[in-house]
Amino acid sequence: MSDFQKDLASLVPNLRAFAKSLCGNADYADDLVQETLIKAWKNRSSFAEGSNLKAWMFTILRNTFLSDRRKRKFEVEDPEGALASRLSTHGAQSGHMDLLDFAEAFKQLPDDQREALILIGAEGFSYEEAALMCGCAVGTIKSRVNRARNKLVELMGIEDADSDTDGVMRAATGS
Amino acid sequence: MADEDDGQSAVEGAEVRGTMDSLKQHPATELGSAIAKQLKQLYGRDISEPLPDRFSTLLEKLAKSEGSKSEPHE
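Residue numbers (the numbering used here), protein chains in the order written: chain P, 131 to 305; chain L, 3 to 76.
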């Protein structure tokens with residue numbers, strides 16, 4: 131197995147999770163990942179050795195999703211309740227109710243805010259990397275993360291305190 | 003196996019419960035930390051899902067097709 135093949139294989143779990151967060155449908159997410167892998171393989175000569183393969187792959191996946199959505203006029207939704215049903219598997223255990231609350235609130239975020247929160251808070255990309263991936267300014271990503279945080283606070287009915295986007299991200303990245 | 007899953011879920015549940023308790027009591031920085039933790043837990047579940055064979059099969063096919071192009075006489 132080539133190094134490139136190994137590297138791609140190692141990114142598949144993250145690509146699937148990111149794809150699910152974008153489209154909200156597990157089967158469609160896997161189709162997106164498959165298409166992303168094929169595109170990456172065909173265009174690997176354009177990948178600069180030593181640069182961030184994960185960011186490159188995420189960008190391909192994101193562009194694939196957006197392009198596909200434009201073509202199909204796909205509406206971002208969770209028609210099968212896939213996320214909710216996965217999270218409610220252990221619903222009888224009270225501890226999971228809080229996580230379900232968070233998941234429900236997370237689903238209600240606008241697409242761009244949810245995406246920014248995933249890229250920065252869950253995947254650990256820098257603001258600069260996320261901005262490049264999303265084709266926007268660094269300040270826009272920071273703003274989206276901050277608004278996402280505030281929206282989560284509002285949706286979960288938690289008393290708000292001062293906004294601290296960098297605090298969220300420091301906590302998320304462990305830095 | 004199911005028992006192991008239930009046990010793990012119970013532990014996760016306790017962790018989440020603790021996180022939410024702290025989330026409701028502490029100011030901005032820890033609130034951010036709690037949200038980040040919940041986000042990672044939620045996202046981590048998707049990342050840790052078992053992978054379907056289709057992806058390893060696809061990568062092997064891509065590698066083989068590339069090999070057959072570059073080494074036509076092999």
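Just so you know, these hints were derived from the structure itself, not from any lab. Hints may contain errors.
Below are the PhoX-like pairs computed for lysine-lysine, each with C-alpha atoms no more than 20 Å apart in a straight line [stated by the list, open to error]: (1) Lys-169/P <-> Lys-42/L; (2) Lys-66/L <-> Lys-281/P; (3) Lys-66/L <-> Lys-184/P; (4) Lys-136/P <-> Lys-42/L; (5) Lys-201/P <-> Lys-136/P; (6) Lys-42/L <-> Lys-272/P; (7) Lys-169/P <-> Lys-66/L; (8) Lys-201/P <-> Lys-184/P; (9) Lys-172/P <-> Lys-42/L; (10) Lys-42/L <-> Lys-184/P; (11) Lys-237/P <-> Lys-201/P; (12) Lys-237/P <-> Lys-66/L; (13) Lys-184/P <-> Lys-237/P; (14) Lys-63/L <-> Lys-281/P.
Some chain P residues well away from chain L (every beta-carbon gap over 12 Å; in silico) [what the hints assert, rightly or not]: (15) Ala-139; (16) Ala-147; (17) Phe-148; (18) Ala-149; (19) Asn-193; (20) Ala-278.
What follows is a set of in silico ranges between Cβ atoms, one per label pair, in the way DEER data are often shown [said to hold, decoys possible]: (21) Gln-238/P <-> Ala-65/L: 39 to 45 Å; (22) Asp-198/P <-> Lys-63/L: 45 to 51 Å; (23) Thr-59/L <-> Asp-133/P: 17 to 23 Å.
Since this is a predicted model, take the numbers as computed values, not measurements. Backbone N, C-alpha and C define an ideal beta-carbon position, used for all residues, glycine too.
Here's how the hints hold up against the structure:
1. Lys-169/P <-> Lys-42/L: Violated: Lys-169/P and Lys-42/L sit about 28 Å apart, past 20 Å.
2. Lys-66/L <-> Lys-281/P: violated, 48 Å
3. Lys-66/L <-> Lys-184/P: Not OK: Lys-66/L and Lys-184/P at ~23 Å, beyond 20 Å, violated.
4. Lys-136/P <-> Lys-42/L: At roughly 25 Å apart (the allowed maximum being 20 Å), Lys-42/L and Lys-136/P break the hint.
5. Lys-201/P <-> Lys-136/P: Violated - the C-alpha atoms of Lys-136/P and Lys-201/P are around 32 Å apart, more than 20 Å.
6. Lys-42/L <-> Lys-272/P: Within the cut-off at roughly 18 Å; holds.
7. Lys-169/P <-> Lys-66/L: holds, 16 Å
8. Lys-201/P <-> Lys-184/P: Measuring from Cα to Cα gives roughly 26 Å; hence the hint is violated.
9. Lys-172/P <-> Lys-42/L: violated, 32 Å
10. Lys-42/L <-> Lys-184/P: holds, 18 Å
11. Lys-237/P <-> Lys-201/P: violated, 23 Å
12. Lys-237/P <-> Lys-66/L: Outside the cut-off at roughly 40 Å; violated.
13. Lys-184/P <-> Lys-237/P: Violated - the C-alpha atoms of Lys-237/P and Lys-184/P are around 24 Å apart, more than 20 Å.
14. Lys-63/L <-> Lys-281/P: violated, 44 Å
15. Ala-139: At about 6 Å from chain L, Ala-139/P fails to clear the 12 Å cut-off, so the statement is violated.
16. Ala-147: Ala-147/P not clear of chain L: closest Cβ-Cβ about 4 Å, inside 12 Å.
17. Phe-148: violated, 9 Å
18. Ala-149: Ala-149/P is in fact no farther than 12 Å from some Cβ atom of chain L, at 9 Å.
19. Asn-193: holds, 19 Å
20. Ala-278: Since the minimum Cβ distance to chain L is about 9 Å, Ala-278/P lies within 12 Å and the statement is violated.
21. Gln-238/P <-> Ala-65/L: 39 to 45 Å: Since Gln-238/P and Ala-65/L have Cβ atoms about 42 Å apart, the given range 39 to 45 Å holds.
22. Asp-198/P <-> Lys-63/L: 45 to 51 Å: violated, 22 Å
23. Thr-59/L <-> Asp-133/P: 17 to 23 Å: At roughly 19 Å between Cβ atoms, Asp-133/P and Thr-59/L fall inside 17 to 23 Å, so the hint holds.
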